[in-house]
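Protein chains: 2
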Amino acid sequence: MHYTIGEAAKRLGVAPSTLRYYDKEGLLPFVERSPGGVRLFRDADFKWLNIIECLKKTGMPIRDIRTYIDLCFEGDHTVAARQALINKQRQAVLAQMAQLQQTLSILDYKHWYYEQAKALGGCGAMGTLSPDAVPEEHRAAALLLQRANKE
Amino acid sequence: MHYTIGEAAKRLGVAPSTLRYYDKEGLLPFVERSPGGVRLFRDADFKWLNIIECLKKTGMPIRDIRTYIDLCFEGDHTVAARQALINKQRQAVLAQMAQLQQTLSILDYKHWYYEQAKALGGCGAMGTLSPDAVPEEHRAAALLLQRANKE
DNA sequence: GATAAAGTTAAAGTTCACTTGAACCGTACC
DNA sequence: GGTACGGTTCAAGTGAACTTTAACTTTATC
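Heads up: the sequence lines are chains A and B, in that order. Position one of the first sequence corresponds to residue 174 (the numbering used here), numbered consecutively onward. Position one of the second sequence corresponds to residue 174 (the numbering used here), numbered consecutively onward.
Bear in mind the hints are in silico, worked out from the structure with no lab data behind them. Please note: incorrect hints may appear among the correct ones.
If chains are identical, the list can't say which one is meant, so a pair holds when it fits in one copy or spans any two.
Simulated pairs of lysine-lysine, DSBU-like, Cα-Cα distance not exceeding 30 Å [stated by the list, open to error]:
| no. | residue 1 | residue 2 |
| --- | --- | --- |
| 1 | 291 | 183 |
| 2 | 230 | 291 |
| 3 | 291 | 229 |
| 4 | 220 | 183 |
| 5 | 220 | 261 |
| 6 | 291 | 220 |
| 7 | 261 | 291 |
| 8 | 230 | 261 |
| 9 | 197 | 261 |
| 10 | 183 | 197 |
| 11 | 261 | 229 |
Being a predicted model, the structure only gives us computed values, none of them experimental.
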């Protein structure tokens with residue numbers, strides 16, 4: 174059983190042009206063609222497409238994803254290199270998550286801030302609040318917004 | 174005390190051209206000018222720049238950040254709208270973190286997979302592994318890579 | 001075999017977020 | 001006041017990741 178590019182695109186939730194672009198960039202060396210030149214996506218190919226989707230979600234650029242795919246097709250002597258690449262991306266994801274966690278704490282503080290502002294009838298009244306009126310769980314975030322940067 | 178655009182850029186760890194770009198896009202309506210037209214960044218302005226940096230880290234586009242800044246300068250009647258915007262972004266961050274968590278589990282599985290491949294002397298041998306040779310903690314991730322998409 | 005829908009390529013266009021270049025101006029120091 | 005450094009604007013350029021267009025071919029159905 175096989176899928177045309179339109180069917181595969183629908184299954185993946187992307188535009189057919191996106192898959193053609195990926196192919197042109199060398200991300201889909203595994204996709205075969207019909208005698209007439211039409212791309213044939215096999216079930217097994219979706220395993221690859223899922224990996225590509227996963228790496229894309231980590232923010233990895235197309236070029237680096239290609240490097241990984243290329244390594245996969247170069248045989249067993251690249252296993253260590255592939256693992257290293259996966260580990261590097263794992264570290265990048267952990268860093269992103271830590272960053273998002275900090276960002277989230279700031280958004281939570283802002284939510285609290287506006288809740289107070291609504292209660293006090295405006296942002297002007299917020300200035301009159303003593304610094305220890307900020308609940309403990311928002312102190313760190315409040316500081317992040319005020320602090321001097323990268324000094 | 175005030176900073177020139179170059180000093181402010183250094184403190185924030187960005188290029189001066191980036192700040193000029195943000196200004197042109199309406200992200201810095203609070204920055205004043207010298208009589209000669211030179212931008213003067215005050216200490217208070219860095220509070221704003223930190224918020225911009227924070228929103229940018231959530232992946233919010235410049236246009237939407239501008240909307241938020243604009244709301245802030247429209248007075249107290251926009252407090253609820255600002256809070257709604259912050260909440261929306263909070264949800265977006267939570268979704269991103271959930272996505273990264275899933276991605277991380279796949280990268281962890283891949284790490285395990287290559288560890289096995291190294292031990293067995295190649296990826297070919299991995300096919301001979303029975304499905305329940307996959308440790309419990311990696312089963313879900315392995316499924317994510319095999320499963321049919323968006324059906 | 002005709003037709004329509006969907007496939008193919010190559011090249012150009014789009015959007016986003018900056019960056020660079022050209023020409024010019026403001027500020028600080030000697 | 002002259003010089004150098006860094007500021008200003010506007011327009012054009014960049015790179016990433018697609019998308020669109022044009023011209024043409026393949027494939028499925030009648």
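(message) One pair to classify: residue 230 and residue 261, alpha carbons no more than 30 Å apart. Within, between, both, or neither?
(response) So residue 230 and residue 261 pass the 30 Å test inside a copy (14 Å) and across (21 Å) alike.
(message) Within a copy, between copies, both or neither: which one fits residue 230 and residue 291 at a CA-CA cutoff of 30 Å?
(response) between (37 Å within a copy, 27 Å between copies)
(request) Could you figure out if residue 183 and residue 197 sit no more than 30 Å apart (CA to CA) within one copy, between two copies, both or neither? (result) within (19 Å within a copy, 40 Å between copies)
(request) Check residue 197 against residue 261 for me: Cα-Cα at most 30 Å, and say if that holds within a copy, between copies, both or neither. (result) So residue 197 and residue 261 pass the 30 Å test inside one copy only (26 Å; across, 37 Å).
(request) Classify it for me, residue 261 with residue 291: is the Cα-Cα distance of at most 30 Å met within a copy, between copies, both or neither? (result) between (45 Å within a copy, 18 Å between copies)
(message) Please sort residue 261 with residue 229 into within, between, both or neither, judging by C-alpha distance up to 30 Å.
(response) both (14 Å within a copy, 24 Å between copies)
(message) If the cut is 30 Å between Cα atoms, do residue 220 and residue 183 qualify within a copy, between copies, both or neither?
(response) within (16 Å within a copy, 45 Å between copies)
(request) Check residue 291 against residue 183 for me: Cα-Cα at most 30 Å, and say if that holds within a copy, between copies, both or neither. (result) Answer is neither: 46 Å inside a copy and 36 Å across each miss the 30 Å cutoff.
(message) Within a copy, between copies, both or neither: which one fits residue 291 and residue 220 at a CA-CA cutoff of 30 Å?
(response) between (51 Å within a copy, 21 Å between copies)
(message) One pair to classify: residue 220 and residue 261, alpha carbons no more than 30 Å apart. Within, between, both, or neither?
(response) within (21 Å within a copy, 33 Å between copies)
(message) As a check of your reading, is residue 291 near residue 229 (CA-CA no more than 30 Å) within one copy, between copies, both or neither?
(response) between (41 Å within a copy, 26 Å between copies)
Hint check: a violation occurs at hint 1 only; the rest are consistent with the structure.
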